[in-house]
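Residue numbers (my numbering), protein chains in the order written: chain A, 334 to 633; chain B, 8 to 321.
Check the hints yourself; a few may be wrong.
[To be verified] Residues of chain A clear of chain B, computed beta-carbon distances all greater than 12 Å:
| hint | residue |
| --- | --- |
| 1 | N377 |
| 2 | L390 |
| 3 | G465 |
| 4 | Q472 |
| 5 | A478 |
| 6 | V485 |
| 7 | L493 |
| 8 | V497 |
| 9 | R509 |
| 10 | G520 |
| 11 | N551 |
| 12 | E587 |
| 13 | L589 |
| 14 | R600 |
| 15 | F612 |
[To be verified] Part of the chain B face toward chain A, derived, beta carbon under 8 Å:
| hint | residue |
| --- | --- |
| 16 | A58 |
| 17 | V61 |
| 18 | D64 |
| 19 | P78 |
| 20 | I80 |
| 21 | A82 |
| 22 | V85 |
| 23 | L94 |
| 24 | A98 |
| 25 | F106 |
| 26 | H198 |
| 27 | N201 |
No lab work stands behind these hints: they were computed from the structure.
Remember, it's a predicted structure, so these values are computed and weren't measured experimentally.
Ideal Cβ placement from N, Cα and C applies to all residues, glycine included.
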Amino acid sequence: MQLLRQIWIVARYELSDAIRSRRAAVTMILYVAGAVASINGFINILQRLENQIAETLGIKAMASAGAVTDALWKSHRFRHMMMELVGDKDIALDLLNVPPVALMYGWLAFMFIPMLVMLTSTGRVAEEIGTGSVRYVAQRCTRLAWCLGKFVGQAGLVVLALVVSVVGAWSVARFRLSGMDGLAVAGAMTVFAGKAWIYSLAFIGLAIGISQFNRSANQATAIGFVAWILMGILELASRFNAGPGIRSIWYGVEMLVPGGHRMDLWRLDPGSLLTASTFLLALGLCYMAVGHMYLARRDL
Amino acid sequence: MTTALEFGDVRKKYGRRVALDGLTMSVPAGSLFGLVGSNGAGKTTAMSIVAGIVRPDGGIIRVLEAGGFDPAIHAGRVTLLPQDAQLPREARVAELMYFYAALQGVPKSDIADGVTRLLKMVHLEDRRNSAVRTLSHGMMRRLTIAQAFLGDPELVLLDEPLSGLDPRESLNARHFLQQRRKGQTVIISSHNLNDIERLCDRVAFIEKGRTVLQDSVDAVTGRSRAVQYHIEPGKVDMASLGKKMTGAWLSLSDAGDVLTCRFSVPEHSLESVNAAVLRCLIDAGVGIKRVQPGDGLEQAYFARTEAVVGGPAT
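Working from the sequences, and respecting the hints, build out all of it.
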């Protein structure tokens, strides 16, 4: 009970400190700028493709994008092609029920959230160890409560940033896509934002874990980026090398990196979501625990 | 509880450098205890170990009669003013105090009053909504003193609390420390021996990670057994003075400006010594600038630690 109370107090302070110090503003700007720029770019490409199609067919080019794509998305032949491409009929059909612009938002969120988390969260513990401000806290709560509070606070900050990014991405889409079903897109984007948040938990744990080894925020951030790249390499290596016999060890590696559970987040069934959520949260806590084993014994 | 803190043969190394080399010390509960020592003597390390931010390599530590620091037992009962630690720069003064108070378990209903009272005492009430980064060095120091007294902890550790304070605020901080709650133990580490002498009732000299001496300030300075008379250099008739003060030891400094009288109790008392010596000096027409009981902590410190670290630079 005492632990939970201390975690809550630290998390609340972490969040309010982020808002006050403009760290939250910077994080939100990064997320919303990323989402808006990417969705805008996606719509530009879409419009160019549609104009090319119109030109080929000798019909008048459309003023706004989306109409052809929408028709294409619903066509039987395209759906069949998607099933062939994805290799999993259920996932393909699930994804085809999602508006393309929301699907794009989801892909972007999964793509960029690890990088943004590494950028904003990796220095949090290291900075306070470096400046010594942790010494005002160390006699008031356990080091575990402090780190878990940081974890929860950063997770809260990512929620805020994702909400803002959904609003930004949806607004651009609303403005640029004429026939967009606003409600469906908002709903789908929100679901993807939620899944991206679950995905981010593993990376927040990794960031806080790395941070506990360092006294410099910059050094921790640099190591965080290296760790993120390493995770990506391991994910790719396990995807390509996993197989029968000795190669089955790569399945184990895949389970230990966050990217190995991303496909489950794309699925729309609750079972997959629950499995992925459990694994990603557990991975985040495990990464953090590795760092904590060091922090718990180190001099501050 | 009779002992607030006990160190028994505590050792700590940073790499190959020895910070504490078997430190043994005992701090009585309710005392205002001064830690005095050279730079690198181990004062900050000792305090950090008590507060749980540095782990000792060996030895026995009993904090509030309950073993080494454990947040589960000591959170809210032991607080620290660290020497060179920065406060979070973007935090607001009052908000930071609320955060620390809540974290150490001060009841919600007591936090607002406690924070306001402490901010008033350190003259920061008008800056309660200011960001820490906008405070001057002295103001930050006062804030760090105030945070250490949140929730009236049983043991307060202050590492150089008065450094960087202007004379007025230094005086105010001394008053603040002297008005502490009854039974509260305060340990002050400082290079300023005048501050320690004026504030503390007990003192320990630490050098090279060991305790050279620990006793009451009265005993260390010999306040009850010696008096120094700071006089204008002139002709003091030491022979006639010596006759009047049988059983006392009189000495005059080389410059002839300090007359020291050491005496034994109950043969003599401070009153009887003053009556005899002052009359003699006045009769001889010697100008008296100041009368100081005891040797002064600085003098006692140099005398007691000379063998360990050498005398003062001249």
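Going down the list of hints, with the structure as the test:
1. N377: Given that every Cβ of chain B is farther than 12 Å from that of A:N377, nearest at about 39 Å, it holds.
2. L390: Fine: 59 Å to the nearest Cβ keeps A:L390 off the interface.
3. G465: Contrary to the label, A:G465 does not stay out of reach of chain B, its closest Cβ about 3 Å off (not over 12 Å).
4. Q472: violated (5 Å)
5. A478: The assertion about A:A478 is violated, with a minimum of 8 Å to chain B.
6. V485: holds (14 Å)
7. L493: Answer for A:L493: holds, closest chain B Cβ roughly 17 Å.
8. V497: holds (21 Å)
9. R509: holds (38 Å)
10. G520: Given a closest Cβ separation of 37 Å, the condition holds.
11. N551: The claim holds: A:N551 sits with its nearest Cβ about 17 Å from chain B, beyond 12 Å.
12. E587: holds (38 Å)
13. L589: holds (31 Å)
14. R600: holds (41 Å)
15. F612: Since the minimum Cβ distance to chain B is about 31 Å, A:F612 lies beyond 12 Å and the statement holds.
16. A58: For B:A58, the interface hint holds, since the closest Cβ of chain A sits about 5 Å away, which is under 8 Å.
17. V61: This hint holds: B:V61 lies near chain A, its Cβ roughly 4 Å from the closest one there, short of 8 Å.
18. D64: violated (11 Å)
19. P78: OK, holds: B:P78 within 8 Å of chain A, min 5 Å.
20. I80: With a minimum Cβ separation of about 11 Å from chain A (threshold 8 Å), the hint on B:I80 is violated.
21. A82: holds (6 Å)
22. V85: Given a least distance of 6 Å, the restraint on B:V85 holds.
23. L94: holds (6 Å)
24. A98: holds (6 Å)
25. F106: Interface hint status for B:F106: holds (5 Å vs cutoff 8 Å).
26. H198: violated (19 Å)
27. N201: Hint violated; B:N201 Cβ to chain A Cβ min 27 Å, cut 8 Å.
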